[in-house]
Amino acid sequence: MAELIFYSYWRSSCSYRVNIALNFKGIDFEYRNINLLEGAQRGEEYGEKNPNLTVPCIEIDGKFLGQSAAIIDYLDDIHPDNPIYPSDSFEKAKVKELALMIIADIQPLQNFRIVKRLTEFIGKEEYIRGIIDEGFHRVEKAISKTAGEYCYGDQITLVDICLVPQVYNAVRYEVDMSQFPTISRINETLLTHPAFIAAHPSNQPDAA
Amino acid sequence: MQLILLLFKLLIANIAVGVSRSTMCVCYSTYQKSNSSMVLYHYKESSCSYRVRIALALKDLIKDRDYQLKVVNLHKKDNLTSSFSDISAGQKIPVLQVDGKFLGQTTAIMEYLDEQFPQVNPFYPQDSWERAKVKEFVHMIVSDLQPNQNLTVVRNLGKHFNAGTDLKRSWIKFVIENGFSKIEKSLEKTSGRYCFGNTLTMADICLVPQAVNAVRSEIDLNNYPKLSKIVQNLELIPEFETTHPRYF
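The listed protein sequences correspond, in order, to chains D and F.
Our numbering applies: residue 31 is where the first sequence begins, and numbers increase by one.
Our numbering applies: residue 164 is where the second sequence begins, and numbers increase by one.
One or more of the hints may lead you astray.
No farther apart than 27 Å at their CA atoms in a straight line, the calculated lysine-lysine pairs in the DSSO-like style are these [stated by the list, open to error]:
hint : chain 1 : residue 1 : chain 2 : residue 2
1    : F       : Lys264    : D       : Lys175
2    : F       : Lys389    : D       : Lys93
3    : F       : Lys348    : F       : Lys336
4    : F       : Lys264    : D       : Lys171
5    : F       : Lys207    : F       : Lys239
6    : F       : Lys222    : F       : Lys207
7    : D       : Lys146    : F       : Lys322
8    : D       : Lys175    : F       : Lys240
9    : F       : Lys348    : D       : Lys93
10   : D       : Lys93     : F       : Lys352
11   : F       : Lys239    : F       : Lys336
12   : F       : Lys348    : D       : Lys146
13   : D       : Lys146    : F       : Lys336
14   : F       : Lys240    : F       : Lys264
Ranges between beta-carbon positions, derived for each pair [stated by the list, open to error]:
hint : chain 1 : residue 1 : chain 2 : residue 2 : range
15   : D       : His109    : F       : Asn236    : 40 to 46 Å
16   : F       : Asn236    : D       : Gly56     : 47 to 53 Å
17   : F       : Gly263    : D       : Arg143    : 38 to 44 Å
18   : D       : Asp58     : F       : Gly327    : 52 to 58 Å
19   : F       : Gly327    : D       : Pro113    : 47 to 53 Å
20   : D       : Thr222    : F       : Gly263    : 34 to 40 Å
21   : D       : Thr219    : F       : Tyr230    : 37 to 43 Å
22   : D       : Asn65     : F       : Arg318    : 32 to 38 Å
23   : D       : Val201    : F       : Gly355    : 42 to 48 Å
24   : D       : Lys175    : F       : Ser333    : 36 to 42 Å
It is worth saying that the hints were derived from the structure and are not from the lab.
Even for Gly, the Cβ is constructed at its ideal location relative to N, Cα and C.
The whole structure should be built from the sequences, with the hints applied where relevant.
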């Protein structure tokens, strides 16, 4: 495969997901940091490449792709080894459903850009803790039915890839994780996996 | 007399539409498993539900006599009942019931349908990269935009922060306008008659319901000329028209 450039911010949970996926699949990449705190994502150089003005983004042969879910599915398409979905169609859909409870229902409501804007509107940050807390109650309930060693049986899937970065955020916003024993157990297990270790924010070149 | 006759005819016509809708559309506050092979739990004001209705229509599944719609009234909080929590752990709609099993989250549902019926109006291009580019666009709506202006979020603004109606409206407008300006920029590069050239994709299925939300929030779509033109083109397609919220 042609060289892959991965645009990331060390503490972006969406970047963290893609980072896990790249490591899990053993794909080589060049890490380029985009400092969200300095507004680098709006800069002329990066802003032209990714009009969505977000990280993560990958570049292959001069072409750019954003949105973590689209990137991860693309990686799974072109690198079928270490699949992130079960092979059965319905089970694959159930894994997507669980992952989307994080991708669509939790993370967007607590991301940096939205928080900044919300606090301009209403001036309260504990909203974020509440969002994650509420979302994790739903996720805990859902995965307590499906979990084995991991979120969906005993295979690492997209749900696990999305879960760990969201737990990282939860801890950062001081969510009481003792409420979520299944999430906590699985997170602890996943944090020992080499791909998840390599992708951890504190191990990134731009980590503060 | 003529006027009375005309009004009477209109009344009969409306009753006929109402009856044909009501045979399909059942309103429950408690939910029991249906014997139909396919059931969609939905709500007229939910743009997520509209996406899946369009998808089902495009896959030609709505003509199936076994297909049934069940209303989950979000304003009455039907989704928060304990019987609905057996159907959806996340207590969200839409949910598709297929052969007795439940599936939530719109892109999970629509991609499942796309895999089951790949020959009928495929939702994505065949090429891996092009497919990824369509998904990128889809997530600009599904992940970035819609979640931040949905009913739960707006309710939370009121519940936790005493946000009044004006503040809630401003928030919704901000989220949609912010998202649409990025979408318009993206469409300048990819669009033809539809979001991606002249072929219908998942991007179009997600765009139209979001445009309905925008119009409801009194956003002027003419500020986004590419987006506006594409939505006009899409609204002419029967599968987008017949599944419009106005009919539910």
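Which numbered hints does this structure break? No numbers; nothing is violated.
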